[in-house]
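Both chains are given apart, each in its own frame, so use the hints to dock them into the complex.
Same order as they appear, the protein sequences are chains A and B.
Residue numbering for the first sequence is 92 to 553, as defined by the numbering used here.
Residue numbering for the second sequence is 7 to 437, as defined by the numbering used here.
Please note that the accuracy of each hint is not assured.
Quick list of the computed label-pair ranges, beta carbon to beta carbon [unchecked claim]:
#  : chain 1 : residue 1 : chain 2 : residue 2 : range
1  : B       : Val-83    : A       : Gly-303   : 55 to 63 Å
2  : B       : Tyr-220   : A       : Leu-346   : 54 to 62 Å
3  : A       : Leu-539   : B       : Val-236   : 49 to 57 Å
4  : A       : Lys-358   : B       : Trp-171   : 56 to 64 Å
5  : A       : Gly-259   : B       : Lys-436   : 46 to 54 Å
6  : B       : Arg-224   : A       : Gly-303   : 54 to 62 Å
7  : B       : Gly-88    : A       : Met-302   : 50 to 58 Å
8  : A       : Ala-534   : B       : Ala-211   : 34 to 42 Å
9  : A       : Glu-310   : B       : Asn-213   : 54 to 62 Å
10 : A       : Arg-541   : B       : Ala-211   : 32 to 40 Å
11 : A       : Ala-174   : B       : Glu-363   : 41 to 49 Å
12 : A       : Lys-358   : B       : Asn-213   : 56 to 64 Å
Derived by calculation from the structure, the hints in this document are not laboratory data.
Small disclaimer: the values here were computed from a predicted structure and weren't measured.
All C-beta atoms, glycine included, are put in the ideal place defined by N, C-alpha and C.
These are the residues of each chain, in order.
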Amino acid sequence: MRASVLLLPVTAGVLAAQTPGTTDTTRGAALPVLGVAIPAAGTLVAVTNATIITATHGTIEKGTILIRNGKIAAVGKDIAIPAGAQVIDGTGKYVMPGIIDAHSHSSGEAINEGSRSVTAQVRMQDVLREDAIGMYRELAGGVTTLNILHGSANTIGGQNAVVKIRWGLPIDSMLFAGAPPGIKFALGENVRQTNGGNIPGRPARYPRTRMGVEELLRESFTRAREYQAEWKAYDDAKKALKKGEAEPIPPRKDLQLDALVEILEGKRLVHAHSYRSDEILMLLKVAKDFGFRIASLQHVLEGYKIADEIAAAGTGASTFADNWAYKLEAFDAIPFNAALMAERGVKVSINSDSDERARRLYQEAAKAMKYGGASEEEAIRMITLNAAWQLGIDKMTGSIDVGKDADLAIFNGHPFAPASRVEMTLIDGRVFFDRLKAPTLEALIEALKRRPRANTTSEGAQ
Amino acid sequence: MNRLLLASALALAGAAPLGAQAAPAPRAAAAPSVFAITNTTIVPVSGPRIANGTVVIRNGKIEAAGSGVATPPGATVIDGTGLFVYPGMIDSGDRMGITEIGSVPGGEDTQELGQYNPHNAVLSAVNPSSVHVPITRANGVTSAITSAQGGMIQGWAALIDLAGWTPDEMAENGRVAMVMTYPRTGGGGRRGFRAQGQGGDAAEAQNRQVRELYDYLREARAYNAKPNPVPQNLPFAALGPALRGEVPVIFDVQTEGQIRGVLALADTFKLKVVLRGATESWMLADTLAARKVPVIVGPLTATPDGDAPYDAVYAYPGVLAKAGVLIAFQTNDGGEGDARNLPYNAALATAYGLDPEEALRAVTVNPARIWGVSDRIGSIEPGKVANLFLTTGDPLDVRSQVREVFIRGQRMPWDDRHTTEYQKFRSRPKP
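The following block holds chain B by itself, in its conformation from the complex (with noise of 0.2 Å):
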């Protein structure tokens, strides 16, 4: 039996015990454009929570949501008693699309050749029938900003949905960001500037990297200055609208030293700036609050460099919050299945020092913010993408279920890989 014929088996089935991640009532076979959850609490996380709550979804929008809203005619009912609607979660950094198994060659696919690849754009290579999409937004996570890796500059970053057919459906914004990192000595610890343990030769060759990225950087603002160049410089026309300050610029570093280049890189070309990762930007918390600068914190899946405090992954988040900076979680999944862990990331900063409604700020409205797509989704209010998901309680809880994820409206199907193997294995008789 192949494994869409058991699916809709399954769902036929209905009343199969699903374990505690249970699947939805079976759909009819035309999906209604119409949906009203009910009598549900409402956490919109750009105002307060709402008890008692509707939320109406009509063509792929929120239409209404709140504790007086009658339910509309012809509209599908889900009863969301003792349930909590939230907005659908954005992981600001993985390889969602373009990595499906990390080990085989052909299960990759992530890094280009050379330093300066500023002209690719991901959104073309993200396979939207990867068997991540489904799993991942089984956990509520709805969108995710995916990006090349390797070399100096990676390309265009997408900001994705988690639904599609096709790439183009997906994306939310195909071109979001440019992405570079910045040259880092080895080692790391506390000043990345030092070329630790590996002598003067990995500082010399630190800033042979520097300079070439200046040097780039400016030939590509030439290039950009002139008019109509011939003959044209599809790497260097694709840094324009970054260099214009147009797009931000996601810059995936690590330490202090490197914070400091990038920013004396953002001055010199007038650049937007996000850092990625950036564990050490608490030492820069003030700089980076005063100068507006986004931080995407994690993965808080790591271990802290060098001598670093052992809290230090868990707890910068909060120090960086606490200091004003806006801040969003990424999960940085390279096709590990770590993308449907992003509240969970949030949850261990939560307990070390993060306010917990600002964690839940930092997988919503505030990528939502930092990716300009505030007015389309991160939150529960009329007008948006109905990008959200039904749970049994707090997101960055483990043992909250989430019961349904809608997506542009659509309400999604439970048919992922993880979840058919378990019905089937489930339902294995005693050999």
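If we strip away everything but chain A, and leave its shape as in the complex, we get (with noise of 0.2 Å):
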């Protein structure tokens, strides 16, 4: 049955006429991303007989998921499957949302433009590789998802990319379609500099303490609204021109206020590095005196002494499940802190921040009902559908429900037992990772075996 699964090569005659659709709006023009057509799902694809793990309605045993056209068309227990339908039989196997990564950096070929303070107009999306193999090896984790981040070197640092990893097209056939862009800020130790930024003979760059932060971020949205103000004056005498009269002149363009603008217009989502709960307050209560809201805290290890404040902003978190103590500012770092957070009404992802976290996020899912007593289905909320609101893409995937992509991780066993391992990894309904056609340790130690023998060295000395 899998073999009929198999992943289609991309020139096969699979590819259909949808595009990314992503357009890019950054820069004033609508160009089209430059992008190849992503090549559809079969038509019609079913996993059955499987333990689904909805995230919005509860698991369902020996269930069905039928798949059409790369969206999911039915979930649940007696489901019929169409003639001609593409059957993964999931008899013993655990089916989950795709996971959901709020905090990557795998691809980027840089990520921290550093040099200055505010760097709004730098783009991950103009560095990303599609061969970046730590993205392979998270779609062997069950991630699907990708928030791919600016680095934390300055305090409004560069455009985030929100990634599908469809491993093995162009890079541009990544990009998540429909999901609104983003930008990485930055608070504590990292934009201070403080752990070795500050290097002899490298000028200090401002600002060097946390109130120096709030003066920038306060400066730098005094600007765009000024900004603002000065293109809508232009817009409006535009509009009010008259026959006969001098066109206006237009503003000078500039690609980091327009970022800003884009914040204060609720057009990008914010993504704040923070650790301490004074800055935090600090950036919500900027936030709301510009008017618009941070999308998502990012690390926010100290959001369980703040999580009512929080909550309130109507701001999520994504945090680490048990990292702490690597720097002072994460010395008050508790692993109880997604639990908290959550139990106190915030939407909470885990992420990884790391090529090597993102690839076992469901065993980092898991402490959440260690420690604080998460319920099973807030947990995978923390690696789904919770980073998929904080993303702004959660009408598209983050659950098993009718109508979303069908972005799938299938496991061996449930994904929070010790034993269990990615199985397969759908995306759109397309199987882009399948364990037994992957070049396994097992595999090449079969391989080696096989291989014709050459004089081999003796051990020992070289």
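Here it is, written out as structure tokens:
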């Protein structure tokens, strides 16, 4: 059965006229992103007889997921399988929504434009590599979507890129169509350059204190408001232009301020690297004063101290499961953070910020059950639906619900059980990882055994 | 309110919900020395599991463990109904007690200057009050091999229990093994000896380092062959036990080339070798099994080197175990808080081929054997040190909850930094 869902070569005749559809609005003109068509799934795919962890409406035993044109068409126990459907036998398997990593740097060839404190104009989208092996390994860990963020070197960093790991396709075809644009902010030790950033001979970069970080934020958004007003005045003058009058002179185009204006207008989501409760409260105040919302606090290791304030601001929290003590501002981190914030009404996700942790986010999510007693579904949502919500893509992915993209991770056991591993990962109903065909260590050892023996060197001295 | 006051207030409150990782019942001021964990499932690891069993702990030792064991008079009884008793787990490599906060200069104390420091003994620098100690044992990890890093010979590793008022009280063995590394060139990949992307210079530098290591050990051997050497050379003297094969030498290595180099070095100097890390050891699994070289695997929380298969790091412990190599796990925690995740390292290996029973042995009886303390710790047997924990299920399952931890027969408190902060902020009133 599994052979019937072989990953078809990109060049095969299944290329549909489905394009990423992402448009680049940040440069003023609406240029379509250069990209090749994304191969469609087989018209009909069915994952049958599996335990389905939906993330929204419980777990379905011996259930079926029917996928039509890459979207989930039906989920349940008694789903008729149409003739001609490719069947993935899920007997004994567990299916969960494809894992979403809300904090990744995978495939970023460079992640920090840290020369200045505000670099809102730079874009991760411009430095992604489709051959970054980290992404493949994440796919093999059930991850389907990544929020690829700029680093935390500066207060207002670069623009993010949300991708689906369509491994094997050109990078532009991995961009998540319809994902709202975002940007990285950062607070605390990294932007203060307290840990090794203050290199002798290199001029110190403002700001060096948390006070300075707040001032820089207020300064930047004050500029952005003025810039916004200049453009509004220009647009109004143009609209009011009467015949024979001279065209108004447009303001000077500023790519950095364009991005900040998009934040003010709620069109660009802010993902803010943060640790301490005081700096988080500062940022929430600044955002409130300038009338925008922080979409997600990243790391947010002291979020448990101010969970009510985070919840009231409608801000998500994307944290580590149990990392701590790697720097002073991480010394008050506790593994109960995720569960306690969730208990207080914060939408919490658990992220990796690492090509390593991203491979086993399912194990990390289980820690929310261990520390603080999150329910199983809540813990599942921390690596699926909640992350999707933080990225503004929860209408499209993040749970096993009819109408959503068929992004699925298929495990050989419960994702939180100790001996479980990912067997298959589907994106838009297409199999992008299949362990049976993957280059495993076991396969390599078998291949080495069959290898013709040359004169082997004796073990020992070299 | 300071933390101690708060902790005792919480203990007195008792009934206050502690979330999933619940605190034990409040303790009397004077800790009793006799405990009975009753009506529980005992997983001795050294033998088959025992249903409806009782474990009796007296004066630091396991007095009895079995199904027909009576509760002695005066014992503090802990009802183990529905729970499981496992031997305390042993992390075979971290920097417990010598790293508090990695990025803060005063927060780590792991790297001595110079390449050769065999006379350094880590135990003297272990901080018994490190916040990492109680946080790690809360997950059932009761012992650790802690050692310095950097250079070619790092000195004495210590096997410590994660309780005690002083370093000496913590020590199972303050001089349990000598720690060395073996030179490697940059890169990694399948042939560690190849100077990847670094041209001939890296290979030349490596060769020079190898020669230096051989020369150093030769001199040390000559020194130790003298009856009463004057002047004394403390570094050389420290290598005596390793050169006489009395203590194992831990080699922190990764590549096949390094491992081959270590085996040659072992042959030359008759060293009793324990490989640690050794992600490419699967290539030499049969050789290592035949030579009875144990491998400390992990951390599995790592990505494969170079072009190794995606699951190489998860799968290599299973390959070694199947070949008959004695394995144990390490977290290599350098103060990032990973030591408590020791069982979850082992869990990842079971997902990729390691037998779950062997995985459990590889955090208990196997390390006890490798470190020469299997007569004391690593299993639940009468006469052994009472390092054990009571849990709701499989320790390798993240969802299991540790309920009680005993180290040397002492019931461990739960007032660690994480549980107290959790309690404090969970009870924060709504603003």
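Here is what the structure says about each hint:
Between Val-83/B and Gly-303/A the beta carbons are some 59 Å apart, a value that agrees with the proposed interval 55 to 63 Å. Checking the proposed 54 to 62 Å range against Tyr-220/B and Leu-346/A shows it holds: the Cβ atoms sit about 60 Å from each other. Distance hint for Leu-539/A and Val-236/B: a CB-CB separation of about 54 Å, consistent with the stated range 49 to 57 Å. A hinted range of 56 to 64 Å holds for the C-beta pair Lys-358/A and Trp-171/B, which are about 59 Å apart.
Separated by about 50 Å at the C-beta atoms, Gly-259/A and Lys-436/B satisfy the suggested range of 46 to 54 Å. For the pair Arg-224/B and Gly-303/A, the beta carbons lie near 58 Å from each other, so the given range of 54 to 62 Å is met. At roughly 54 Å, the beta-carbon separation of Gly-88/B and Met-302/A lies within the given 50 to 58 Å, and the hint holds. Checked against the given bound of 34 to 42 Å, the beta carbons of Ala-534/A and Ala-211/B, roughly 35 Å apart, stay inside it.
Distance hint check: the CB atoms of Glu-310/A and Asn-213/B are about 57 Å apart, consistent with the given range 54 to 62 Å. Between Arg-541/A and Ala-211/B the beta carbon distance is about 36 Å. The supplied range of 32 to 40 Å therefore holds. At roughly 46 Å, the beta-carbon separation of Ala-174/A and Glu-363/B lies within the given 41 to 49 Å, and the hint holds. For the hinted restraint 56 to 64 Å between Lys-358/A and Asn-213/B, the CB-CB distance of approximately 59 Å keeps it satisfied.
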